[in-house]
Amino acid sequence: MADPALLPEFFALLSVDIFLLLSLLTCLLEERFPKTLPYIYQIAALIGFGHLLVSRQFLDQFGEYMRFWYNFFYLLVALGNIVAINLYLALEKDLWALAKAWSGAVTFPITLIAVFFVSNYSYLQGMEFPILILQVGFVVSAIVLGVSMSIFLSPDLLDKVRRRKEVNRWK
Amino acid sequence: MEIKKILFRKEMKLLTLLLTSLLIASASATIYYSLTMQPKVTVSTPTITFVSGAPDQPSGSTVNNAWAFLTAKSYPNATLTYEKALYINNTDSGSPHYFRLQHVNITPLNGTSGVGNWTSIKFLVYNSTSYVFSLNYTVSSFDWILQPSSGATSYYSVPASGQWWIRLETRSPATATAGKVCDMQISVDVKE
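Just so you know, the sequences run in chain order A and B.
In terms of our numbering, the first sequence opens at residue 1003 and continues consecutively.
In terms of our numbering, the second sequence opens at residue 29 and continues consecutively.
If you're looking for bench data, these hints aren't it; they were derived computationally from the structure.
Keep in mind that this is a model prediction, so the values were computed, not measured.
Glycine residues also receive a C-beta, built at the ideal position from the N, C-alpha and C atoms.
The reader is advised that the hints may include incorrect statements.
Listed below are the simulated PhoX-like cross-link pairs for lysine-lysine, each with C-alpha atoms no more than 25 Å apart in a straight line [unchecked claim]:
#1 B:150 with B:208
#2 A:1102 with A:1167
#3 B:68 with B:219
#4 B:219 with B:208
#5 A:1037 with B:41
#6 B:68 with B:101
#7 A:1095 with B:38
#8 B:68 with B:112
#9 B:112 with B:219
#10 B:101 with A:1037
#11 A:1162 with A:1102
#12 B:41 with A:1095
Which bits of chain A does chain B cover? Going by a derived footprint, with three or more residues having C-beta under 8 Å, they are [to be verified]:
#13 1042-1053
#14 1081-1089
#15 1107-1117
Anything over 10 Å on all C-beta distances counts as not near chain B; from chain A, calculated [said to hold, decoys possible]:
#16 1018
#17 1025
#18 1026
#19 1065
#20 1098
#21 1099
#22 1161
#23 1165
Produce the entire structure from the sequences given, and follow the hints as far as they go.
Right, dumping it as structure tokens:
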């Protein structure tokens, strides 16, 4: 087995950072969110920190496999929160522009990073993990990120595509 | 009133959250770093192992994967040869591994009269076809002369799944006293 470059606890560390990022972003956009949300995310990050602190003492008792799954579950919770905020902005608040910006700037880049590290870890450790799903997720996230960035850099792009479609329809 | 206003301003909230975030992130990263620095010792089977050389192996010997205890004899004025006293196996089927023989300890000690009960004790290593290298103890007056003189041979590569063997040769002078014992300790250093 290759020397592990990543420990399963890396996913907990990544999740803590995601919660902290969410806390700061929800504070910046505090008019659109409940007032307590940034603090709830800070507490979620603190729970992750506590989990890292405590689990350090029990590394021998829990095997590598179990450590991976409980850290991965925590990461899923963090990613779930990002998606939930995206849906909240889009469906609950009807802030479509902000929801699109959120998905391009937060949801997909973070999903891309998470999928990259999970697939890298599962490859190195020989974990029985659905690699195909990870790879598909990786490609989809990369495509969405690329499209979002190109739209962000030239906002006329969508109009141009729409116009070309209409011209083709008339032909 | 003014202070309360300042405290509840968005910038203040953001600054507080930023500071606590930095604190939590750096503390978490420190814990993760300390986890990566924890040494791990995993019990595993050795790649280079000893295998019994029976029926050529000296009787009364004990051979284990990781160590071997040989109880050889020596005859006065005659060379006694254990052709395949011990096998050395590379259990790795994927890649070759290097090993060497190194002298660790021998009694009787140099300068004592007991040394005169032996002429030579030789450990010759053979691969599947021919002689490769050896670690020899020869006696000059009452001193052991090691060959190589450093007490350690060079490293030699055993091919993947290869099996080599050690030929043990002992010889005593005609004047040797029966029942005298020579204890030797040799290490087999393996580059994994």
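So, going through the hints one by one against the coordinates:
no.: 1; hint: B:150 with B:208; result: holds (18 Å)
no.: 2; hint: A:1102 with A:1167; result: holds (22 Å)
no.: 3; hint: B:68 with B:219; result: holds (19 Å)
no.: 4; hint: B:219 with B:208; result: violated (36 Å)
no.: 5; hint: A:1037 with B:41; result: holds (11 Å)
no.: 6; hint: B:68 with B:101; result: violated (43 Å)
no.: 7; hint: A:1095 with B:38; result: holds (21 Å)
no.: 8; hint: B:68 with B:112; result: violated (37 Å)
no.: 9; hint: B:112 with B:219; result: holds (23 Å)
no.: 10; hint: B:101 with A:1037; result: violated (88 Å)
no.: 11; hint: A:1162 with A:1102; result: holds (19 Å)
no.: 12; hint: B:41 with A:1095; result: holds (23 Å)
no.: 13; hint: 1042-1053; result: holds (count 5)
no.: 14; hint: 1081-1089; result: violated (count 0)
no.: 15; hint: 1107-1117; result: violated (count 0)
no.: 16; hint: 1018; result: violated (5 Å)
no.: 17; hint: 1025; result: violated (6 Å)
no.: 18; hint: 1026; result: violated (6 Å)
no.: 19; hint: 1065; result: holds (13 Å)
no.: 20; hint: 1098; result: holds (24 Å)
no.: 21; hint: 1099; result: holds (21 Å)
no.: 22; hint: 1161; result: holds (35 Å)
no.: 23; hint: 1165; result: holds (41 Å)
Hints 4, 6, 8, 10, 14, 15, 16, 17 and 18 from the list above are not met by this structure, while the remaining hints are.
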